[in-house]
Amino acid sequence: MMFGGRHMRGLAQGTAKPVEMGKTTRRLLHYFHLYRVGLIALLGLALVGTLLQVAGPYLTGVAVDQFLQFPAATPRPTWLDRLLPVGADRSTGLTITMILLLASYLLAQVAQGGQLYLMNVIGQRVLLTMRTQIFERIQTLSLKFFDRHEAGDLMSRLVNDTQVINQVFSIGLVRALGITMQVIGISIAMVALNWRLALVSFTILPVIVITTVLFSHRARTAFRRSRETLGDVSAELEENIANVREVQAFSREEETMAEFQRVNVANRDAVVTAQTLASAFSPALNVLSTVALAIVIGYGGYLVLTPPAPPTGGGLVSVGVIVSFLAYVRHFYDPIRQLANLYARLQEALAGAERIFDLLDTEPEIVSAPDAIELPPIEGHVVFDHVHFAYKGDEQVLQDINLEALPGQTVALVGPTGAGKTTVVNLLARFYDVDQGAVRIDGYDVRQVTPESLRQQMGIVLQDTFLFSGTVIDNIRYGRLDADDEEVIAAARLANADQFITRLPEGYQTQLGERGRNLSQGQRQLIAIARAVLADPRVLILDEATSSVDTRTELLIQHALDELLKGRTSFVIAHRLSTIRNADQVLTINDGRIIERGTHEELLAARGMYYELYTSQFRRREGT
Amino acid sequence: MKSLLRALQFLKPYWHWAVGTLAAMVIVTVSGLVVPRLTQAIIDQGIAQRNVNLVFWLALAMVGCALLRALFEFLQGTLAARSAQGVAYDMRNALYSKIQSLSFSYHDKAQTGQLLTRATSDVEMVHTFVGMGAVQFVSALLMIAGALALLFLTDWRLALIILVIAPLTFALFGFFAAKARPLFREVQQRLADLNTILQENLGGVRVVKAFVREPYEAERYGNANRDLYTVNLRVGRLVATAMPMIFLMANLGLVAVYWLGGYQAIGGRLTTGEVVAFANYIMMAFFPMLMLGMIIAMIAQAGASAERVFEILDAQSEVVERPDAVELPPIEGCVAFEHVSFRYFHSGRWVLHDVDFVAEPGQTIALLGATGSGKSTIINLIPRFYDVTEGRITVDGQDVRDVTLNSLREQIGIVLQETTLFSGTIRENIAFGQPDAPMEEIVEAARAAEAHDFIVSFPDGYETRVGGRGTTLSGGQKQRIAIARALLLDPRILILDDATSSVDYETEYRIQQALERLMQGRTSFVIAQRIATVLNANQILVLERGRIVARGQHEKLLRESPIYAEIYYSQLGGGLEETAGNVVRDAWCITDTEMTP
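Residue numbers (our numbering), protein chains in the order written: chain A, 1 to 624; chain B, 625 to 1221.
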């Protein structure tokens, strides 16, 4: 995560403080509960690591006092007495101390490695679990949920929030633990070595804490500002790169350039401000820790030279102790700065965690009833019985819809944009649940059967064709995963997609870009039709399935569609006549109501809205 | 590497800041190097000589040094930020203006996402290198040089320790970096894979649900998730081995100093203070070395980023203005294609073969043909979005390649098939081609485009924000705004990519009326999916595989061109002979009488 982590983090940072810190933290910690053993091991390693780390400077101090100075500045500690052979000279003593020092460093690094390893394993496992949970939850949610939440927002939860949680809770938590132990361990060592020196070196502590708090607050605001302005730069870039054709068509290069420079300048200034602030921060802390060092040295030097206390014979402090202290002070103040940092990140992570838990707690609106049954193979007899529906609140989208499609019939839905045609088919596939009334298939209320068994017997070709990145053949196979290549190609032939596919550079194995960008809208629709053909459903829904195909190709598909429609109950939404003309029933929908029904001929003869819609395309000729 | 040096040339306008950064850096390094010397003096001269006063003054000097250092560190930081941001700023501007000037054939090949990445992440990488990497590189070198010099001055034998430790550390670092690089790349790749699956799953949620593919999707995601986990574990294992080993090297250096230095001190060749100072200098040399290692890894990355940035900056637009290009005077609107052939790539398939026609001023030319027959290519050649491969195109007798791009395009109005609105207000979008247009003209254009009514039905009217985070408009509404936009320009030549397929008949009818108003008195090129649009055209060109296979007016073509007839009948859904057809004909007559007062 050394590279690229910064951008990821950036997105989630500007968020508000979490509302229920305690509860969220507990729940988050629950994920780590599974790894109790690992965590205890981690704690043990951290403890050992701290002890060894504290030992290093102490041993150095001992070496300075006992062996570098003559006569020894302080009485020999008893543990060293026991280790030293009787009558050992200074060189032997130094060697033994250094071997101890080396061993303690070696073990400290081993402990460090162990901590890093365990931390990573636990963190990654938690991340794995969390990602899987979120994804699985998303799969169960109904379309109503997706209407309310933008894909980008959901993406950011899965990508950024989990990332931040990982960084803070696996890496950060363990480091915080380690750091806290280190601070405590060092404090104890300092007090034990010389309480006077220890106390004076702590005097700088409050100043450092206050400085850190003040700075980090300001820095956060400044960095948020620079991230926001960078966001503006990206947005501006994205819009204009995507629309470069329009810009060139209208010769607007200069104006858009000026606009871009404006956001670019704003970003430059914001970043300079933030970085100036940051470049004041670390020198300030350095000054403070040097002041601490100077205090230790100055006061320590004074103590060394203070008239000897009668029983010991030396000064109040030895040079070796000062050397140990210099190392301790360095190791003491650095972690405190890191702790302040971690605290800020913790807030962020909790906010992220809260968003994730929100999502995990979202109850799917469409659930199988507890006693839901598998829908047996159906004939395809569809009934809408006094159906009312609103996407939100009381904005009625459908009112009192009644219709019956006998097995094998084709029902065409026509009407102006926004009349509610797509809603009808959405209810049929149970993407949403009706508010009143019922939708029944072969006498089964769709709410009484499992959504899977219902949709498995339906084929849907949607207005906004969605292709997945992958090969053409895989995209068609999406309709029925166990279909072999011949079956897929047969389906493509039937949908008239075979012709253009075989002309692609690698035929059926051609890789499609994001959302099938390298195909035209019409070609994408042909693939979607092939997909539905392959699925071989009892009930077929075509929602504007051929809107972007040119009319000649449409005519060709028409034969395929006629084939496809034969023997299946079909619901067809189309603006074009050809598909509608042969329908068994045409329903004109306006403002959420069925206002006309009958066959094409009957409706034309009735001279109602259908007649209006149908004839409007020819009016032009007379209009001019 | 070469591209990095080239990137550094972007520093030129900011050279005074860059020089300031370097000067500050020297002072910072020197004042840092003095501190261990002071410590040494305190121990040897102060404490050993029992001079309390000296201890006090030396401690004060240390604080003074720290203050001086802090001041210049701050200066160094802020100056470096300024110059690096200047580089990023200039680079982004250069990229932006380059991207805007590149012709359609470049954008056909490039992906939006990629261009965006280059203008953001890659520029950011170069910026980080200039602002941090390069500065720290020099600073680390200075620090190492200073520390080494002091080490050798104090005791050259002891200084040899660093000559053992440093190469060992470098070797270790290099070894781990080499192992880490492909791993990190793999992490990025796996993460991208995971995100693609997620993004597609969210975008295609209806399809997933319609085909009951939730379990399949969960498995796909689960696999990608596990892959990411596995490679992350490998990264973790590597880091858990590498970090302790590298820090152990630093520890070894310390132990060696105290050990060997201790012997020297026992022998009286060094003082205690010198040994302590030595240990400090070893650390001062060691950490910049680690820094160097990281910067070298960064240089490779920044180099690659800089290369990608320059790839765009160096791209040649295929459509370039001739140095002697003249302003195209106000035109009549006579457009002639003279034996035009075209292919997108040098060795690619021919998209147009010998297309030859003349559009007289005020005429409407309808282009008809299947998807991929070359209709869009023809209209893209007129405003010179691409250059012809063979033959030539003239406007009022002038070859389009002889005039300036702006003067040509300003006289051509275009309504593209997929209208995208820019984030901003509706007014700004209509005035896109002419930002200083007075409000009355904008309203007039909107009225003519049948857009006025729906615009004023919004609470904010013409100031309603659209695009990006603004109100979502329906396809038909966007289309009408695009028409208003073209109307406002009042161009002599009009190009319409007719795409009204996703709007209902009623809306389509209104759009058609607006379009017809727009076409009056202008030379118009219309790509029509529907026959109804072309019935009134002065010339209909029927295209098949890049050739004009039939031309003329409706009646003539209906008689003479089987393809045209086929298209025509496909529109009406199966032939006029059937009963339904009779009803339609019947409907026409009725409309006819209704329309006639």
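Note that these hints are calculated values from the structure, not bench results. Treat the numbers as computed from the prediction; the structure is a model and nothing was measured. Every residue gets a Cβ at the ideal spot worked out from N, C-alpha and C, and that includes glycine. One or more hints might be untrue.
Listed below are the simulated SDA-like cross-link pairs for lysine to any residue, each with C-alpha atoms no more than 20 Å apart in a straight line [unchecked claim]:
#1 Lys722/B x Ser469/A
#2 Lys722/B x Met257/A
#3 Lys1102/B x Met257/A
#4 Lys803/B x Ile870/B
#5 Lys23/A x Arg355/A
#6 Lys144/A x Ser469/A
#7 Lys144/A x Arg830/B
#8 Lys566/A x Ser469/A
#9 Lys144/A x Gln823/B
#10 Lys144/A x Phe357/A
#11 Lys733/B x Ser469/A
Which stretches of chain B does chain A cover? Using the computed rule of at least three CB atoms under 8 Å from a CB of chain A, they are [what the hints assert, rightly or not]:
#12 700–709
#13 784–792
Consistency of the hints with the structure:
1. Lys722/B x Ser469/A: 30 Å, violated
2. Lys722/B x Met257/A: The given pair, whose Cα atoms are some 10 Å apart, holds under the 20 Å limit.
3. Lys1102/B x Met257/A: Outside the cut-off at roughly 24 Å; violated.
4. Lys803/B x Ile870/B: Within the cut-off at roughly 15 Å; holds.
5. Lys23/A x Arg355/A: 13 Å, holds
6. Lys144/A x Ser469/A: 25 Å, violated
7. Lys144/A x Arg830/B: 11 Å, holds
8. Lys566/A x Ser469/A: Judged against 20 Å, a Cα distance of about 32 Å means the pair is violated.
9. Lys144/A x Gln823/B: Holds, at roughly 18 Å.
10. Lys144/A x Phe357/A: Given pair Lys144/A, Phe357/A holds - Cα atoms ~19 Å apart, limit 20 Å.
11. Lys733/B x Ser469/A: Measuring from Cα to Cα gives roughly 18 Å; hence the hint holds.
12. 700–709: Result for this restraint: holds, n = 7.
13. 784–792: Per the Cβ count (0), the hint is violated.
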